[in-house]
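Using the sequences and the hints given, assemble the complete structure.
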Amino acid sequence: MREYRYGRIKPSEITDQQVWLKRRQLIKAGMAAGAGLLLGGANGPAMAAIAGPGNNRKISLSGESVYGRTLVPTEYEHITTYNNFYELGYGKEAPAENAAALKTRPWSIKVSGECNKPGIMDIEDILKLDQEERIYRFRCVEAWAMVVPWVGFSLGRFLKRFGPTSRAKFVEFETLYDPEHLPGQKRTVLDWPYREGLRIDEAMHPLAFMATGLYGEVLPGQNGAPLRLVVPWKYGFKSIKSIVSICFVEKQPLNSWNATAANEYGFYANVNPKVPHPRWSQERHRVLGKGVFGGKEDTLLFNGYAEEVASLYSGMDLRKYF
Amino acid sequence: MTKWRIVVFLVSLLPLAAMVWGALHDRLGANPVEALSHESGSWALRFLLITLAITPLRRLTGWRKPVLLRRMLGLFSFFYACLHFLVWLWLDREFAWGGMLADIATRPYITVGFLSFLILIALALTSNMFSMRRLGLRWKGLHRLVYAAALLAILHFIWLVKADLMQPLIYLGVFVVLMLLRLPRKAVMRKPRRMVKKQAVA
Ligand code: HEM
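So the protein lines, in turn, are chains A and B. Numbering-wise, my numbering puts 57 at position 57 of the first sequence, and it's gapless, one number per residue. Numbering-wise, my numbering puts 434 at position 112 of the second sequence, and it's gapless, one number per residue.
Source of the hints: derived by calculation from the structure; they are not laboratory data. None of the values given here were measured: they were computed from a predicted structure. Treat the hints with care, as some may be off.
Claimed, not checked - SDA-like mimics (lysine to any residue), calculated; alpha carbons at most 25 Å apart, straight line:
1) A:K274 with B:W419
2) A:K274 with B:A424
3) A:K290 with B:K462
4) B:K484 with A:C140
5) B:K484 with A:Y321
6) B:K484 with A:D298
7) B:K462 with B:V389
8) A:K290 with B:V389
9) A:K296 with B:E416
10) A:K160 with A:L127
11) A:K296 with B:G344
12) A:K320 with B:Y431
13) A:K320 with A:E250
14) A:K290 with B:V434
15) B:K484 with A:N84
16) B:K484 with A:K169
17) A:K160 with B:L405
18) B:K484 with A:D178
19) A:K320 with B:L405
20) A:K290 with B:H347
21) A:K290 with B:L382
What the hints assert, rightly or not - If the Cβ cut is set under 10 Å, some of the chain B residues that face chain A in the computed set are:
22) A345
23) D414
24) R415
25) I432
26) G458
27) W481
28) L503
29) P506
Think of the CB as a built atom: it goes at the ideal place given N, C-alpha and C, for glycine as much as any other residue.
Printed below as a string of structure tokens:
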């Protein structure tokens with residue numbers, strides 16, 4: 001039997017964890033009490049999202065979410081001006097500059113493959129689904145990170161609407177292919193369209209998320225409007241942007257970066273400080289917006305979500321399936 | 323000439339001024355350390371190529387003045403390379419010596435960058451009159467390594483890029499053109515003529 005190597009928790013960390021959990025409960029209780037006082041105990045009040053700069057259409061939330069309430073979000077400006085979205089250009093600032101090239105209306109998502117109720121869903125109908133805010137850590141494979149207050153809904157619950165069959169072992173996602181408008185697709189830097197995939201149990205995990213917005217407003221183009229995946233325990237390239245197609249499949253689908261450089265980017269792409277990228281270490285990362293002397297932070301296994309997701313990979317050699 | 327020297331010296335300091343200004347005014351974007359690394363690395367390479375452009379410039383135009391600025395331009399390449407190295411050592415690797423040495427030994431793009439840097443150090447240390455006199459003929463041989471330094475720096479760039487090779491390949495193109503312009507005149511002259519003939523036949 002293979003030993004699970006990275007998840008060992010030191011006694012000191014367990015104490016920390018308990019203190020943290022207690023603190024989180026206290027904060028939650030405090031917030032609930034505060035909200036109760038303010039709202040006079042009205043039932044099911046719509047939570048206000050963390051406010052953005054108001055450039056884009058607001059999304060109203062339908063419920064309170066507990067995810068990441070203790071995290072401090074990265075500034076909106078940094079989240080929206082430092083992006084890897086090659087469809088809109090290859091530099092970090094290019095996607096924000098070229099965002100207008102991405103036309104998000106009309107827009108629909110085709111769901112197909114091994115499911116009982118395949119269909120095409122319009123983005124306006126998707127925006128009518130219950131939306132919640134979740135603050136997640138986001139870790140790029142390039143060893144930088146940010147904290148993003150996403151708005152959206154659970155991927156698993158969304159997928160279940162289409163009735164995946166028992167043969168649906170994986171889910172494949174595809175980004176818009178529109179070389180006439182998307183400047184980055186004019187050259188074959190990647191094998192367009194961008195594709196990504198998840199194992200079905202990963203896709204059904206409660207942390208897996210579909211984002212329609214950030215900072216309470218619909219996503220700007222550079223962040224993957226109008227609909228993108230967010231898998232917070234995996235490197236950012238798994239969180240495919242501007243999705244037009246979702247397909248339930250039996251075999252492990254191809255993912256674009258793996259197809260480009262298989263020795264550098266795997267299918268799983270779980271955040272793991274112990275598995276270096278061939279060209280750089282993954283042990284630490286820089287959090288965006290901390291200035292020249294902001295320093296770096298230690299990277300945690302599964303980006304700090306080990307407690308929730310480690311069981312998905314028990315018995316797997318994370319070095320082999322990186 | 324002194325006037326020229328001062329102008330070129332000050333202009334060569336502009337990239338540094340831009341970096342310092344950007345850092346002080348928080349204008350380097352979301353990842354200022356990366357911005358500093360890219361700026362300093364790019365300017366080290368650009369100054370290296372400018373230095374290499376001076377001989378061809380003289381051959382093509384007969385203009386001799388820039389030759390007198392060559393040493394200064396080469397030293398500016400070294401200066402920006404030092405800055406680049408310092409950013410990496412301090413802000414990127416955070417003076418973690420073990421990790422640094424491992425990087426140099428195991429990551430090819432760092433290895434070649436480091437080799438390029440070592441060459442630049444050797445050239446900068448021997449760029450004075452005293453060394454020229456002491457090394458005599460060997461000085462020329464040593465300073466021919468400047469071509470290797472440039473090529474290694476471009477290789478460093480090619481290997482660190484994730485997918486879009488456009489930028490490093492532009493630098494490579496400039497380097498190749500500068501090298502071709504140095505070929506003995508006959509060789510340069512012969513080539514195009516042959517090509518013309520072939521085209522005519524086809
Ligand atoms: C010990 C020596 C060196 C080390 C450790 C080093 C390290 C690095 C690192 C970490 C990057 C950024 C990689 C990234 O962001 O993905 C970089 C980029 C770069 N370096 Fe170096 N480097 C060294 C020497 C040099 C030298 C001597 C030159 C030029 C003469 C140079 C030119 C460049 C260039 C042009 C870039 C790319 C900038 C861009 O992407 O715009 N480096 N180097």
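Comparing the hints with the structure gives:
no. : hint               : in the structure
1   : A:K274 with B:W419 : 18 Å, holds
2   : A:K274 with B:A424 : 15 Å, holds
3   : A:K290 with B:K462 : 47 Å, violated
4   : B:K484 with A:C140 : 13 Å, holds
5   : B:K484 with A:Y321 : 21 Å, holds
6   : B:K484 with A:D298 : 23 Å, holds
7   : B:K462 with B:V389 : 15 Å, holds
8   : A:K290 with B:V389 : 44 Å, violated
9   : A:K296 with B:E416 : 9 Å, holds
10  : A:K160 with A:L127 : 17 Å, holds
11  : A:K296 with B:G344 : 20 Å, holds
12  : A:K320 with B:Y431 : 24 Å, holds
13  : A:K320 with A:E250 : 21 Å, holds
14  : A:K290 with B:V434 : 30 Å, violated
15  : B:K484 with A:N84  : 11 Å, holds
16  : B:K484 with A:K169 : 30 Å, violated
17  : A:K160 with B:L405 : 54 Å, violated
18  : B:K484 with A:D178 : 22 Å, holds
19  : A:K320 with B:L405 : 38 Å, violated
20  : A:K290 with B:H347 : 13 Å, holds
21  : A:K290 with B:L382 : 49 Å, violated
22  : A345               : 5 Å, holds
23  : D414               : 8 Å, holds
24  : R415               : 9 Å, holds
25  : I432               : 8 Å, holds
26  : G458               : 42 Å, violated
27  : W481               : 8 Å, holds
28  : L503               : 29 Å, violated
29  : P506               : 38 Å, violated
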